[in-house]
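There are 2 protein chains.
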Amino acid sequence: MILYTYFRSSAAYRVRIACELKGLQPELRFVHLVKGGGHQHSLEYRALNPQGRVPFLIDGDLRLGQSLAIVEYLDETHPEPPLLPRDAAGRARVRSIALALAADVQPLQNLSVTQYLEKQFGADQARREAWVVHWITSGLTALETTLAREPATGRFCHGDAPTLADCCLVPQLFAARRFGVDPAGFPTLARIEAACQALPAFFRAAPAQQPDAE
Amino acid sequence: MILYTYFRSSAAYRVRIACELKGLQPELRFVHLVKGGGHQHSLEYRALNPQGRVPFLIDGDLRLGQSLAIVEYLDETHPEPPLLPRDAAGRARVRSIALALAADVQPLQNLSVTQYLEKQFGADQARREAWVVHWITSGLTALETTLAREPATGRFCHGDAPTLADCCLVPQLFAARRFGVDPAGFPTLARIEAACQALPAFFRAAPAQQPDAE
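Protein sequence lines, in the order shown, are assigned to chains A and B. Numbered per my numbering, the first sequence spans residues 1 to 214. Numbered per my numbering, the second sequence spans residues 1001 to 1214.
Bound conformation, chain A alone (with noise of 0.2 Å):
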């Protein structure tokens, strides 16, 4: 498998994790998201992934966007330990909580978005970073109320195991910090995310752990 992956990219983090967490080792290439206005817009790299994005993932005849189409493949095809509970409603909870992180945040904190702001609305960084605060702050504030309120909520984000939804919720608690929202806001966030971080999987998987982190 090779995995094409930024440090500081929340997407690839979270594949990162999920490879770590299986035990699996895929061949690292590295797509730096900022220098040289940005190795994705390459045209080599669109040959490849036409989204232009990381992590894009290549496993035999497979070639895969999206972190978590990337991570359902993986427990699909790497069991164990699985990263989804067996139940239905479970599996639903787990992936509503991973989507309200990575369809309802992510998509307003991302790199290309601030660049328009900036382009086409004369944004300057504080109005940008007020923005990205602003979606930071109403989704980890919603997150924050439904996992606090649910029975269902453990350790971690959903009972005793680190699943789909982890994955998600530690990279954009690092994106958080990197944008000045402090975690602790967020108590039972911050409870879960200390859980994680405990593990060697969460630790090895971090931005600041990769051979092409600054």
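Hint data in this document are derived by calculation from the structure and do not stem from the laboratory. Please note that the accuracy of each hint is not assured.
Facing chain B, according to a computed beta carbon distance under 7 Å, are these residues of chain A, among others [what the hints assert, rightly or not]:
#: 1; residue: Leu62
#: 2; residue: Glu72
#: 3; residue: Ala88
Some, not all, of what chain B presents toward chain A, calculated at C-beta under 8 Å [as the list claims (entries may be wrong)]:
#: 4; residue: Tyr1045
#: 5; residue: Leu1048
#: 6; residue: Pro1081
#: 7; residue: Val1113
Straight-line Cα separation of at most 20 Å, EDC-like style, residue types lysine to aspartate or glutamate; simulated pairs [claimed, not checked]:
#: 8; chain 1: B; residue 1: Lys1022; chain 2: B; residue 2: Glu1080
#: 9; chain 1: A; residue 1: Lys22; chain 2: A; residue 2: Glu80
#: 10; chain 1: B; residue 1: Lys1119; chain 2: A; residue 2: Glu118
#: 11; chain 1: B; residue 1: Lys1119; chain 2: A; residue 2: Glu129
#: 12; chain 1: A; residue 1: Lys22; chain 2: A; residue 2: Asp160
#: 13; chain 1: A; residue 1: Lys119; chain 2: A; residue 2: Glu129
#: 14; chain 1: A; residue 1: Lys35; chain 2: A; residue 2: Asp212
#: 15; chain 1: B; residue 1: Lys1035; chain 2: B; residue 2: Asp1059
#: 16; chain 1: A; residue 1: Lys35; chain 2: A; residue 2: Asp75
#: 17; chain 1: A; residue 1: Lys119; chain 2: B; residue 2: Glu1118
#: 18; chain 1: B; residue 1: Lys1035; chain 2: B; residue 2: Glu1118
#: 19; chain 1: B; residue 1: Lys1119; chain 2: A; residue 2: Asp124
#: 20; chain 1: A; residue 1: Lys35; chain 2: A; residue 2: Asp160
#: 21; chain 1: A; residue 1: Lys35; chain 2: A; residue 2: Asp87
#: 22; chain 1: A; residue 1: Lys119; chain 2: A; residue 2: Glu76
#: 23; chain 1: A; residue 1: Lys119; chain 2: B; residue 2: Asp1124
#: 24; chain 1: B; residue 1: Lys1119; chain 2: B; residue 2: Glu1129
#: 25; chain 1: A; residue 1: Lys119; chain 2: B; residue 2: Glu1129
Please read these numbers as outputs of a predicted model, since none were measured by experiment. C-beta: ideal position from N, C-alpha, C; glycine also.
Place chain B on chain A using the hints.
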């Protein structure tokens, strides 16, 4: 089952298509996203769904947001006809197509986002529409390239039966038209949309057919 919906919501539309394909008739409850500042922000609705979004599904004890999680849940609990292929690579491909729309395009055209652009950046209607058109066009261009070249594309996004990917594609092309993007510029996507629209399930799920349509 109870489904909270709004006729024009792309995400609710996805779930309505899945329900129609499976012959499910959940009790519909209507959440008007515009009137009175948006009923999704009401205390009553937020108490039910802290995210304040549609769709939202109640099935027994389960309270479930996020359209893709809902469709996967319906597919697991009502397996016929299947909305995901049986092989892991096929499932991954379908999820990847669905997410390319649900995570990379739709979040940026969302009402809450264009409202923020208006209030915080003073973006007039023309600039808000240019924003939406930019994200729809770039997302559909990448997806057109992918679907046009991959042999797994058939009469529908994946093979010759509708899947989760088609449940996302049709609402996205509906939204594209609303914002003045002509799907004819994406011939593979337009061809698949036509195949979908020939099925009664897609017709019945359309915004214009909903009891809350205006």
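Against the structure, test the hints numbered earlier, and report the numbers of the ones violated in rising order.
The structure conflicts with hints 4, 5, 6, 15, 16, 20, 21 and 22, although it agrees with all the remaining ones.
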